[in-house]
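Undergrad: Using the hints provided, position chain B relative to the given structure of chain A.
From first to last, the protein sequence lines are chains A and B.
Letter by letter, the first sequence follows residues 1 to 234 in this note's numbering.
Letter by letter, the second sequence follows residues 1001 to 1251 in this note's numbering.
Read the hints as simulated data drawn from the structure, not as lab findings.
Some clues are possibly wrong.
Claimed, not checked - Facing chain A, from chain B, some residues (calculated, C-beta under 8 Å):
#1 Met-1003
#2 Val-1130
#3 Lys-1134
#4 Glu-1137
#5 Gly-1138
#6 Gln-1141
To be verified - Computed footprint of chain B on chain A; a stretch qualifies when at least three of its residues, placed anywhere within it, have a C-beta under 8 Å from a C-beta of chain B:
#7 33 to 47
#8 200 to 211
A virtual CB, placed ideally from N, CA and C, is assigned to each residue, including glycine.
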Amino acid sequence: MKKIVIKHSLAIRWFHWINFPVLAVMIWSGLLIYWANDVYAIKSGGKDFIKFFPQSFYEALNLPFRLAEGMAYHFFFMWLFFINGLLYVLYAAFSGEWKYLLPQKSSWKEAWLVVLHDLRIRKTKPPQIKYNAAQRISYTVIIAMGLGSVITGLAIYKPITFSFFTTICGGYEAARLEHFILTIGYCLFFLVHVVQVIFAGWKNFQSMITGFDVLKNSADDKEIPSTIKKPVNL
Amino acid sequence: MTMKEKVLTEKQILTKSLFAFAVFIIGICAAYFIWKGLRSQEKEAGTTKILRKSYLANEAIFSGLFNEKGLVKTYPVAEAVKAVRVNGNLGLTDASFDPVAWKMKVVKAGGDTLFISIDDIKKLPKTEIVFDFKCIEGWSQRTWWGGVTFADFVKQNRLENEVQKTYASLSTPDKKYYVGIDMPSMIQPQTLLCYEMNGKPLPMNQGYPLRLIIPVKYGIKHLKRIGTLYFSDTRPPDYWAERGYDYYSGH
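One chain only, chain A, in its complex shape:
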């Protein structure tokens, strides 16, 4: 007999794994669109420090001259991205999952301790219930970013119908840039997320598929007199 802890509900796992390919298609089709007017760069001293994107990048991914195709896919998959994200937020709100996800007062300070721990600078692991402070902040920020993509997206897709969004984004051009920056943000999130998942190991990864973590042998429990057994508070 073994004890398992139910970590990720079935709904959360579906939302997570559906979002992955859908967001991938959104980013790919977004690149097809962006190519047609690829004006962004990080400049330093009048020179392009990082150009979004170099010609070799476009060619490697076969992106040039596919604007119409990009738009067709983008405006189809946007619905899947939006509906999946909306259902996730509603689920988190009504199931009580938000209690694990939203940052707490202590999270802002603790998140630094998590970073120091993950960088192997600090030995002790900060406390966590399901998610640590850094996870709480990043998983909340990524949802806010999703909302940001919907708002900036509508602001450039239908700037007159949703003129309110275009205005709060600071105008049409600003909204396009913000939409782009959010996308870069997803890519950076993805990189950190994958690295963290690799470091967290197989047990953590498989819980996103099976939904549970195997805790420990309950045979071990028997050896500990129940009177001194501490409640597991994970």
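TA: Frame of chain A, contents of chain B only:
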């Protein structure tokens, strides 16, 4: 706050895990085949059937939200750019085009055809607009245009019955470029038959003598050098829609 716990036998845990992984792998396969299916669909007019349907569904949703009385944001003339971008010359390359003899052909219901000269059009009150001209490529420019509103033009030429139809069609004199526009967008009060840019007559490469300025649409619908205008209840052909773009292309 704690997470739910359960005690299971090793066999139960194994069964549960295997089942979850089986579903996961089936999901990956399904996603792969759905994607392959999407990619391998036959293309018609530059895009696949399902993506065209999605364009149409989006059109139904967003044109329902579009309010033809809502106005596009305008700016003072001082904010307009001096160098207006020229992005294409489709329909403008006919060397035999004679701007002096130019008349706009308007096909009315019942086959009556009007030929309207630029002087007839200039008799109407001039309306000017400075707005953000947006290209489907992703750039925009604050530009200044002058002409007559399509609404005034309809009144002058008694086209009230014609604008009851669902679409307007415009094409260049050489028929090489053509657009179809839904009527709510066409009769939006800021739609112009435009003969001036930056306070001067339209340059040749901007569609001299008369072009369309329709601020609620992407630049691809702002046809340069109008040759023929007609009205229809079925979708008139549209150059870029035939090449995989959204027919509606509206804001």
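Undergrad: Run every hint past the structure and note whether it holds.
TA: Hints, verified against the model:
1. Given hint, B/Met-1003 at the interface with chain A, holds; its Cβ is 5 Å from that chain's nearest Cβ, closer than 8 Å.
2. Below 8 Å, beta-carbon pairs count as interface contacts, and B/Val-1130 has none with chain A, the closest being about 14 Å; its hint is therefore violated.
3. Satisfaction of the interface hint for B/Lys-1134 is found here, the shortest Cβ-Cβ separation to chain A being roughly 7 Å, below the 8 Å cut-off.
4. Interface restraint check for B/Glu-1137: the shortest CB-CB distance to chain A comes to about 4 Å, inside 8 Å, so the restraint holds.
5. For B/Gly-1138, the shortest C-beta to C-beta distance to chain A is roughly 3 Å, which falls under 8 Å, so the interface hint holds.
6. A least Cβ separation of about 10 Å between B/Gln-1141 and chain A goes past the 8 Å threshold, and the interface hint is therefore violated.
7. Proximity of the segment 33 to 47 of chain A to chain B, defined as three or more residues with a beta carbon under 8 Å from a beta carbon of that chain, is established by the 5 residues found.
8. Counting residues of the segment 200 to 211 of chain A whose CB lies closer than 8 Å to any CB of chain B gives 4, which reaches the minimum of 3, so the coverage claim holds.
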